[in-house]
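Its first residue numbered 34, the sequence shown is counted upward by one per residue in the numbering used here.
Everything labelled a hint here was simulated from the structure, so no lab data went into it. Just so we're clear, the structure is a prediction, and the values are computed from it rather than from any experiment. Do not rely on the hints blindly, as some may be mistaken.
Below, in silico cross-link-like pairs of lysine-lysine (DSSO-like), each with a Cα-Cα straight-line distance of 27 Å or less [claimed, not checked]:
#1 50 - 162
#2 293 - 197
#3 50 - 146
#4 199 - 230
#5 199 - 162
#6 285 - 358
#7 146 - 162
#8 293 - 199
#9 199 - 285
#10 293 - 230
#11 285 - 162
#12 285 - 361
#13 358 - 293
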Amino acid sequence: MAVFAYQGINASGKSVKGVRDADSPRALRLALRREGVLVTEVLQDAVARKRKSRDVDFAQLFRRISASDIALTTRQLATLLASGIPLVEALSAMIEQLEHPDLKNAFTQTRDKVNEGSSLADAMRNHPKVFTGLYVNMVAAGEASGTLETVLARLADFLDAQAKLKSEVSGALAYPGFMIILSAAVITLMMTVVVPKVTRIFEDFDQALPIYTRLLILISDLMANYWYLLFMLFAGCVYAFRRWLNTEEGRKRFDIWVLKLPLFGDLFLKVAVTRFARTLATLLRSGVPVLAAMDITRNVIGNTELMRIVDLARDEVREGESIAKPLKDSGQFPPIVTHMIAIGERSGQLEEMLEHVANAYDQQVESRVRAVTSLLEPLMIVVLGGIIGFIAFSILMPLLQINQFVR
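Start from the sequences, fold in the hints, and give me the full structure.
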């Protein structure tokens, strides 16, 4: 079978397109005709990708494969394999249910490679944007141990947990982010439209204006008349910061600073510890060797300082030492985490202890996110109120002085 991309018109007259495997273009046309689709164009997948590379697909910019999509698909595949269905047939049955075109295309090509004699893990390595190194290594361990369905189920649980954690953090920060943008828009409108109109009455005022009023007028003039320079300055600062952040030294300093941030630093550390513990536990349970598991785990932490510490721990393990000692010596990992890891190593229950750490820190992250959100809301109100109060005070005080002068 080959993979074809097609375009057509359905029974209601709407344009449809997709990717499907078939023996030939004629077979594809007949199959779609039975489904009520009149095919207008059929391209074999290689040709479709070549044409697509020349065309700009704006929809693809917003069409991402989420962790939830991959988790659901992985769980479906695990269920099919646990029911005794052969791998190629299970992949074919699952592909028929997929709606996301990129995910369907990746699994279709993976199925074809497996049908040609490749292992599932090797076939998935051809799609690094869909199947991460962690995913592929777990699948390889499952194939080697003969427990692929169990590993896939465990992998689906892991992806669900990661998606939930990301959703909690991003969801909690969405409202404060929206309020910051809205507040900035309101303040900009006041400074560029309202303040210039009000402060015109001070032009004929013979007495010197208070320094805070002059500061307000200066800021208002800059924002109203030289906004493009401010925008260019802001864009230049952002560009310079991103360039600095892409350097090794810049990234290192930034990640160390992030962990020391008040209010947020502890939250970022807890999120990183949760990712570390859950990823390492999942890999070890799936039969991935400890050194390979630590290599994979370091890449999901997202903080170069903590990644450096994990690298040191991996080197110590290679020399026959424990994982807990270098983590403890770093001073970055919480003592309770290193203590539980040390107990797990001594008792031979490292995976269970890492799971306990991940579950405990999941709950701490959730409570910490709620605490940070509850603190951010009144803090933003105070800051916004202070800015608006400064604007009002800077305008009203000269007006009161004018009134006293007239009397």
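Now the hints, each set against the structure:
1. With a C-alpha separation of about 22 Å, the suggested pair residue 50 and residue 162 falls inside the 27 Å cut-off, and the hint holds.
2. Restraint check for residue 293 and residue 197: the C-alpha separation of about 25 Å stays at or below 27 Å, so the hint holds.
3. For the suggested pair residue 50 and residue 146, the alpha carbons sit about 24 Å apart, so the restraint of at most 27 Å is met.
4. Annotation: proposed proximity of residue 199 to residue 230 is violated, straight-line Cα distance about 46 Å (limit 27 Å).
5. At roughly 18 Å between alpha-carbon atoms, residue 199 and residue 162 fall within 27 Å of each other, so this suggested pair holds.
6. About 22 Å separates the Cα atoms of residue 285 and residue 358, which keeps this hinted pair within 27 Å; it holds.
7. Using a Cα cut-off of 27 Å, the hinted pair residue 146 and residue 162 holds, with the two alpha carbons roughly 17 Å apart.
8. Proposed proximity of residue 293 and residue 199 is supported: the alpha carbons are some 21 Å apart, at most 27 Å.
9. For the suggested pair residue 199 and residue 285, the alpha carbons sit about 23 Å apart, so the restraint of at most 27 Å is met.
10. Our distance criterion of 27 Å between C-alpha atoms is broken by residue 293 and residue 230, whose separation comes to about 44 Å.
11. This hinted pair checks out: residue 285 and residue 162 have alpha carbons roughly 26 Å apart, not beyond 27 Å.
12. Proximity of residue 285 to residue 361 is assessed by CA-CA distance (about 20 Å); at most 27 Å being required, the pair is judged to hold.
13. Taking the CA atoms of residue 358 and residue 293, the gap is about 22 Å. The hint holds against a cut of 27 Å.
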